[in-house]
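**Q** Guided by the hints, dock chain Z onto chain X, whose structure is given.
Residue-level listing of the chains:
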Amino acid sequence: MNYQPAFSHAPAEHEAEKASNSYLMSLMAAIVGLPLPIVNLIATFIFYLGNRRGTYFVRWHCTQALLSQASLLAMNSVGFWWTYSIIFRDEVITNHYIAYLITIFLFNLADLVATIYTAIQTRKGKHVEWWFYGDLTSLLVKR
Amino acid sequence: MKLLLQGGILIASFFAMWMGLRQLDWVSIFHVKEISTSTEEKLGEMYWNIYKKLEDEETSKSITNPIDSLLNHICKANGIDTDIIKLHIIRKDQVNAFALPDHHLVLFTDLILDCENEAELCGVMAHELAHMEKGHIMKKLVKEIGLSMLIAMTSGKGSPETIQQAVRLLSSTAFDRTLESEADRTAVDYLITANIDPEPFANFLFRMSSRDGAIPQQISWISTHPDSEERSKTIIEQIKDIAFEKKTVLDSTQWISLKENLKNE
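Heads up: the protein sequence lines correspond to chains X and Z, in order. So for the first sequence, the working numbering puts the first residue at 1; every next one is plus one. So for the second sequence, the working numbering puts the first residue at 1; every next one is plus one.
Note that these hints are calculated values from the structure, not bench results. Every value quoted in this text rests on a predicted model; they were computed, and no experiment measured them. Mixed in with the good hints there might be a few duds.
[What the hints assert, rightly or not] Quick list of simulated restraints, FRET-style, between CB atoms:
hint, chain 1, residue 1, chain 2, residue 2, range
1, X, S77, Z, K263, 31 to 37 Å
2, X, I46, Z, G20, 32 to 38 Å
3, Z, L54, X, E91, 52 to 58 Å
4, Z, I35, X, K124, 42 to 48 Å
5, Z, Q238, X, R52, 56 to 62 Å
[Said to hold, decoys possible] Where chain Z lies over chain X, by a calculated footprint (3+ residues, C-beta under 8 Å):
hint, region
6, 75-89
7, 101-114
8, 123-136
[To be verified] Here are the simulated lysine to any residue pairs, SDA-like style, with alpha carbons at most 20 Å apart:
hint, chain 1, residue 1, chain 2, residue 2
9, Z, K139, X, L139
10, Z, K33, X, I102
11, Z, K33, X, V92
12, Z, K134, X, S85
13, Z, K33, X, A99
14, Z, K2, X, F132
15, Z, K33, X, E91
16, Z, K143, X, D135
17, X, K142, Z, K2
18, Z, K33, X, I93
19, Z, K134, X, T94
20, Z, K33, X, W82
21, Z, K134, X, V92
22, Z, K139, X, D135
23, Z, K233, Z, K143
24, Z, K86, Z, T37
25, Z, K2, X, I86
26, Z, K33, X, L139
27, Z, K143, X, Y84
28, Z, K2, X, W81
29, Z, K143, X, F88
30, Z, K134, Z, R185
31, Z, K139, X, F88
32, Z, K2, X, G134
33, Z, K143, X, K142
34, Z, K134, X, Y84
35, Z, K143, X, T83
36, Z, K52, Z, L169
37, Z, K42, X, I87
Backbone N, C-alpha and C fix where the C-beta goes; we use that ideal spot for every residue, glycine too.
Bound conformation, chain X alone (with noise of 0.2 Å):
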């Protein structure tokens, strides 16, 4: 995660509520959507829809939250499918599994402590810019 001060423009209050609520917004959908980890990516694309029209600085903090929620879903829906087969199915709880659950739960938390973070210094007005995700974001959002 890098902290950046010098972003390009300083964002005005109302900015840096909506960049803010990009992050709470999968924060809050994290804790409805356990069980079913599509919902956070549901929650997070429908408010980056809702703001695809907002400034630079709420567009590109709805992008970022968006591609992270992408990258947990695909790596939750693998756990939540596996659990599955287990329950329901031939498979059974090996090494490999419990490994893989403890993986998922420990790359969630990071981004469970990053958003939490970064939603904190952006309501603040501050620019974050995550590893990977600030330079591919950077990418896919124009000025």
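**A** Okay, now just chain Z, sitting in the frame of chain X:
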């Protein structure tokens, strides 16, 4: 280029963490096997305690001994621990057999009477053994009742209605088609390994499926095991090219006297 490298590092770190964590024996650390065995044991004990109060169990040695001999023969031939199987014979005018958690095998007297020879009965028992050995019983319970309810039941928090509903579920509803087919295939393998002809088991299924006029409740085993005619054909197809030595376990007088005793007692 930088972005691709970062993405690659992110994906590689995910797999490295996963593969690294895989090196630990989590199944032992979290006592996974012990927990699932103890849950099944508690459920099995609870189910059987409820079920035996509702029904009349046959304990006469002249009936249980020959059936035990058949069951032990199949188990020993297939490396199944006979000590863990708890055989119960219930005096009831229904053609039914089912398995409860923790290796309780329940046979109704009318099912035994309906079998024309020991191989038919062995087929039914092998089918139920397959459900046990493949873990189908717990899968069915989790699917129908829910994991949380099962845990609540084992910790004594389940309501009496829920527990009774769970008992009914195992004795009177069907497994899904995939599990039934797997149990049939495994049963045939068990029978062949034990040198018992699986064809009579196929005949039993076919005979049951042809009883259109019967009261459904009287042929419960078939109503809980649908598509019997199709399954009978599949068994015949499975064994048509397999050569094996066919033997009987009981002598002819033992089988006849078992049926006589069932009718008289």
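**Q** If a hint holds in the structure, say so; if it does not, say that too.
**A** Checked hints:
1. A hinted range of 31 to 37 Å for the beta carbons of S77/X and K263/Z is inconsistent with their spacing of about 59 Å.
2. The hinted window of 32 to 38 Å between I46/X and G20/Z holds, with their beta carbons roughly 37 Å apart.
3. Between L54/Z and E91/X, the C-beta spacing of about 35 Å breaks the proposed range 52 to 58 Å.
4. Look at I35/Z against K124/X: about 47 Å separates their beta carbons, and that is inside 42 to 48 Å.
5. Separated by about 59 Å at the C-beta atoms, Q238/Z and R52/X satisfy the suggested range of 56 to 62 Å.
6. Coverage of the region 75-89 of chain X by chain Z holds in this model, with 4 residues showing a Cβ closer than 8 Å to a Cβ of that chain against a need of three.
7. Three residues within the 8 Å Cβ limit are the bar, and the region 101-114 of chain X against chain Z gives 4, so the coverage statement holds.
8. For a cut-off of 8 Å, the count of residues in the region 123-136 of chain X with a CB near a CB of chain Z stands at 4, and the three-residue condition holds.
9. Straight-line distance between C-alpha atoms of K139/Z and L139/X comes to about 48 Å, which puts the hinted pair past the 20 Å bound.
10. As the CA atoms of K33/Z and I102/X are separated by approximately 19 Å, the hinted pair is consistent with the 20 Å bound.
11. This hinted pair checks out: K33/Z and V92/X have alpha carbons roughly 10 Å apart, not beyond 20 Å.
12. With a CA separation close to 15 Å, the supplied pair K134/Z and S85/X stays within the 20 Å bound.
13. Restraint check for K33/Z and A99/X: the C-alpha separation of about 16 Å stays at or below 20 Å, so the hint holds.
14. In summary, the hint linking K2/Z to F132/X is supported, as the alpha carbons are separated by about 9 Å, within the 20 Å threshold.
15. Taking the CA atoms of K33/Z and E91/X, the gap is about 14 Å. The hint holds against a cut of 20 Å.
16. Straight-line distance between C-alpha atoms of K143/Z and D135/X comes to about 45 Å, which puts the hinted pair past the 20 Å bound.
17. Taking the CA atoms of K142/X and K2/Z, the gap is about 19 Å. The hint holds against a cut of 20 Å.
18. Distance hint between K33/Z and I93/X is fulfilled; the C-alpha atoms sit about 9 Å from each other, no more than 20 Å.
19. Between the alpha carbons of K134/Z and T94/X the distance comes to roughly 16 Å, so the proposed pair stays at or under 20 Å and holds.
20. The hinted pair formed by K33/Z and W82/X meets the criterion: a straight-line CA distance of about 18 Å does not exceed 20 Å.
21. Taking the CA atoms of K134/Z and V92/X, the gap is about 11 Å. The hint holds against a cut of 20 Å.
22. At roughly 46 Å between alpha-carbon atoms, K139/Z and D135/X are farther apart than 20 Å, so this suggested pair is violated.
23. Between K233/Z and K143/Z the CA atoms are separated by roughly 29 Å; this puts the pair beyond 20 Å, and the hint is violated.
24. With a C-alpha separation of about 16 Å, the suggested pairing of K86/Z with T37/Z holds against the 20 Å cut-off.
25. Annotation: proposed proximity of K2/Z to I86/X is violated, straight-line Cα distance about 39 Å (limit 20 Å).
26. For the hint linking K33/Z to L139/X, the alpha-carbon distance of about 49 Å lies beyond 20 Å, and the restraint is violated.
27. The hinted pair formed by K143/Z and Y84/X meets the criterion: a straight-line CA distance of about 10 Å does not exceed 20 Å.
28. Of the pairs offered as hints, the one joining K2/Z and W81/X is violated, with about 33 Å between alpha carbons and a cut-off of 20 Å exceeded.
29. Distance restraint check for K143/Z and F88/X: the Cα-Cα separation of roughly 6 Å lies within the 20 Å cut-off, and the hinted pair is therefore satisfied.
30. For the proposed pair K134/Z and R185/Z, the alpha carbon gap of about 12 Å is at most 20 Å, so the pair holds.
31. The suggested pairing of K139/Z with F88/X holds, with an alpha-carbon distance near 6 Å, which does not exceed 20 Å.
32. Distance hint between K2/Z and G134/X is fulfilled; the C-alpha atoms sit about 12 Å from each other, no more than 20 Å.
33. Restraint check for K143/Z and K142/X: the C-alpha separation of about 49 Å exceeds 20 Å, so the hint is violated.
34. Restraint check for K134/Z and Y84/X: the C-alpha separation of about 17 Å stays at or below 20 Å, so the hint holds.
35. About 13 Å separates the Cα atoms of K143/Z and T83/X, which keeps this hinted pair within 20 Å; it holds.
36. Between K52/Z and L169/Z the alpha-carbon distance is near 16 Å, which keeps this suggested pair within the 20 Å criterion.
37. Straight-line distance between C-alpha atoms of K42/Z and I87/X comes to about 19 Å, which keeps the hinted pair within the 20 Å bound.
The structure does not agree with the numbered hints 1, 3, 9, 16, 22, 23, 25, 26, 28 and 33 stated previously, though it agrees with the rest.
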